[in-house]
Amino acid sequence: MDIFLQQIINGLVQGSIYALVALGYTMVYGIMGLINFAHGEVVMIGTLVTITVAGSLIKAGMPVAVAGLAGLMAAVLVCMALGWALERVAYRPLRNAPRLTPLITAIGMSIVLQNLAMMIWGRNYMTFPSLLPKVDFEFAGANFTMIQVIIVLVSAATMGGLLLLVYRTKLGMAMRATAQNPAVASLMGVNINRVIAAAFVIGSALGALAGVMVGTYYEIAHYQMGFMLGLKAFTAAVLGGIGNLAGAMLGGILLGIIEALGAGYIGDLTGGFLGSHYQDIFAFVVLIVVLMFKPSGLFGEKTGDRA
Amino acid sequence: MQAKLSVVALSVAAAFALSACGQKEEPKPVAAPAPAAKPEVVVKLGHVAPMTGPQAHLGKDNENGAVLAIEELNAKGMEIGGAKVKFQLLAEDDAADPKQGAIVAQKLVDAKVNGVIGHLNSGTTIPASKLYADAGIPQISGSATNPKYTQQGFATAFRVMANDVQQGKSLGEFAVKQGVKTVAIVDDRTAYGQGLADEFKKAAEASGIKVVANEYTTDKATDFKAILTKIKSTKAEMVFFGGMDAQGGPMAKQMKELGIKAKFLGGDGVCTPEFMKLGGPATEGQFCSLPGMPLEKLAKGPEFREKFSKKFGAEIQLYAPYVYDAVMVMADSMKRADSVEPAKFLPAVGQTKYDGVTAMVEFDALGDLKGGAISIYKYTGGKLEYVETLGGSTMEMAKAEVKEAVAEVKDAAKAVAGAATAVGKEAVSDVKDAAKAATEAGKDAVKAGAEAVKNAADATKAAVEKK
Chain R
1 MDIFLQQIIN GLVQGSIYAL VALGYTMVYG IMGLINFAHG EVVMIGTLVT ITVAGSLIKA
61 GMPVAVAGLA GLMAAVLVCM ALGWALERVA YRPLRNAPRL TPLITAIGMS IVLQNLAMMI
121 WGRNYMTFPS LLPKVDFEFA GANFTMIQVI IVLVSAATMG GLLLLVYRTK LGMAMRATAQ
181 NPAVASLMGV NINRVIAAAF VIGSALGALA GVMVGTYYEI AHYQMGFMLG LKAFTAAVLG
241 GIGNLAGAML GGILLGIIEA LGAGYIGDLT GGFLGSHYQD IFAFVVLIVV LMFKPSGLFG
301 EKTGDRA
Chain C
1001 MQAKLSVVAL SVAAAFALSA CGQKEEPKPV AAPAPAAKPE VVVKLGHVAP MTGPQAHLGK
1061 DNENGAVLAI EELNAKGMEI GGAKVKFQLL AEDDAADPKQ GAIVAQKLVD AKVNGVIGHL
1121 NSGTTIPASK LYADAGIPQI SGSATNPKYT QQGFATAFRV MANDVQQGKS LGEFAVKQGV
1181 KTVAIVDDRT AYGQGLADEF KKAAEASGIK VVANEYTTDK ATDFKAILTK IKSTKAEMVF
1241 FGGMDAQGGP MAKQMKELGI KAKFLGGDGV CTPEFMKLGG PATEGQFCSL PGMPLEKLAK
1301 GPEFREKFSK KFGAEIQLYA PYVYDAVMVM ADSMKRADSV EPAKFLPAVG QTKYDGVTAM
1361 VEFDALGDLK GGAISIYKYT GGKLEYVETL GGSTMEMAKA EVKEAVAEVK DAAKAVAGAA
1421 TAVGKEAVSD VKDAAKAATE AGKDAVKAGA EAVKNAADAT KAAVEKK
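Residue numbers (my numbering), protein chains in the order written: chain R, 1 to 307; chain C, 1001 to 1467.
Since the hints were derived computationally from the structure, they do not count as laboratory data.
Each hint should be verified, as a subset may be incorrect.
To be verified - In silico DSS-like pairs for lysine-lysine, Cα to Cα no more than 30 Å straight-line:
| id | chain 1 | residue 1 | chain 2 | residue 2 |
| --- | --- | --- | --- | --- |
| 1 | C | K1277 | R | K134 |
| 2 | C | K1130 | R | K59 |
| 3 | C | K1263 | C | K1310 |
| 4 | C | K1383 | R | K134 |
| 5 | C | K1253 | C | K1235 |
| 6 | R | K134 | C | K1378 |
| 7 | C | K1378 | C | K1253 |
| 8 | C | K1383 | R | K59 |
| 9 | C | K1201 | R | K59 |
| 10 | R | K59 | C | K1235 |
| 11 | C | K1263 | R | K134 |
To be verified - Covered stretches of chain R, going by a simulated chain C footprint (3 or more residues, C-beta under 8 Å):
| id | segment |
| --- | --- |
| 12 | 5-11 |
| 13 | 51-65 |
| 14 | 73-83 |
| 15 | 222-229 |
Predicted model only: the values in this text are computed from it and were never measured.
Note that the Cβ used here is the ideal one computed from N, Cα and C, for glycine as well.
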């Protein structure tokens, strides 16, 4: 039983990380129907910037907490600028192009950013400085750390904040209006360009936050770390219903838990026929089944056809 | 609705396609063109290793080894078949992906390379070796350890490193020596990781260790908590990992976070400085193995390390000395055959007897290194500390022992000299006592030295008799 609880904790933490990244995907998709494949790379750059800034500040003798906060701020700022630039340079010129074009551009941007990061930070794995004190907890035979608790709390708080932003502020209203019908929204005086840029900037700031969380958790970073993470987060967003904030959160956590349980029990369930390396298959089978019965995802919004 | 969904579907498809093909980097030939003074023949050597992806750091390390060898060869200026030869490195990236490995192998075959160094991973080396064999191009890998590579019956496949049958066996023996009764095995499902884990499992089970869990991960994963949690429930005393450092380091760390007390043991893939960097304190006191002898114990080892770090400003990660030797063996074979034609110098590769940095390179009938040794290391204070060497050529071991013995004798001589000086200084008082003590100390030292020499000589003799 303690194993089951431990697996749930493993999945919850992993899922919260997916959720935090998935929020960035879902926000951009909700507003302009574009899947920003470069989002995983934004997360990666957030992590690497933190390593550079926090690492050098710690070396210069600053207290770890200050250096960590400075690293986080730097990562958020760099990623916000990056998100804005991505939108301005890569996606805005293609706003009225066929839908495949920005999608391919997004994949292209993802590769460009990866290689750029490889040129800047090199091919080697980097260790992330320990920013949080290591406190271990034990509960009913399951072990977890303070970092894990913080990750779950931060992603829940972030989602709450985002929901407030979208449903309680003027910018949020403008976002929802743009999502429903950009042409009409702009006729009503909504500055579409600014709203979409805001979505990218906010999404990228979340990506930076996710990057710092991932870095603090695994304490390792690499220029390719964003790729698989982005893929999984994208899956989580689709599972929860892409375009829906609560859906992204739920989809992420669900995916994390399915993966953990899959890895933990698939071998026993199939009598050793399938090993724990089939955990991804487990997760994708669940995704396919959900999409078969509910094509817009668990929480998918029934939006009208915009095209 | 329809449009939105089709975008999602397309994206899913695109995502899968992306994950399937990985990232590619345009290859860049490394060699610089030089003005041709007299007629010279350009010898193209292909080198393949992952230059992108999670193992890019090891790939770069391999390539550096090859670059160093080629620069030295060109600086020396070799003449083969009456013409001056200039070696040129065609470096390719296979991203550690078997499919990509076959594609770049075909590219090298089409470029009519004279020989191939690599690939780094067993998983890419095995499928590529067929293409080289069909084209009759000699291939020497400095790091592919899966036994299958040389067992396919290709006359062109060679390696300058002990294979995983030897390594798995030595690691199994070592686990027994550690007094371990139950072990959990994790591998990354690559040809290397799986192969090593299988060989370890065979050796461990043969000597009575119980394998209580078989878990799997990938060579791109960073989170191992789910499988480690399962391993925790089996209460295994040791976790064996068949895979690379980028996974092994975080795995060791996560073991600690989950409160798993089991020992960690791995093969050459995790025997790197990177592993300790990534695993942090969790790696302290754990063990790993490397084919071959430690550089410090080899005659040309320290010199190579110095050359390498001077040129690249980086520490040797793992296989660079082996790749260096692979290039040298290739060049040496060409020289002996007096031809750079693959068909002509291929037989010479098989008859290699080359005193390299890592070993006395000689190949058996399959193309495996003869008498490859396996050394066990312990992670101590951020450094790999040599523990012992298992198996391997007795000749090599004897040579190393002789080297040590000579050093011991030298030390002893120094001690005698030191003692004598001390005697001189304190000669005023207690002359007799001091002299006596000094003589005694000197005697002991000389005795120890002589004994070491004798041991080494015995070992050498035994080795020679065996042969």
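Legend entry - Hints the structure fails to honour: Hint check: 2, 3, 9, 10, 13 and 14 fail, others pass.
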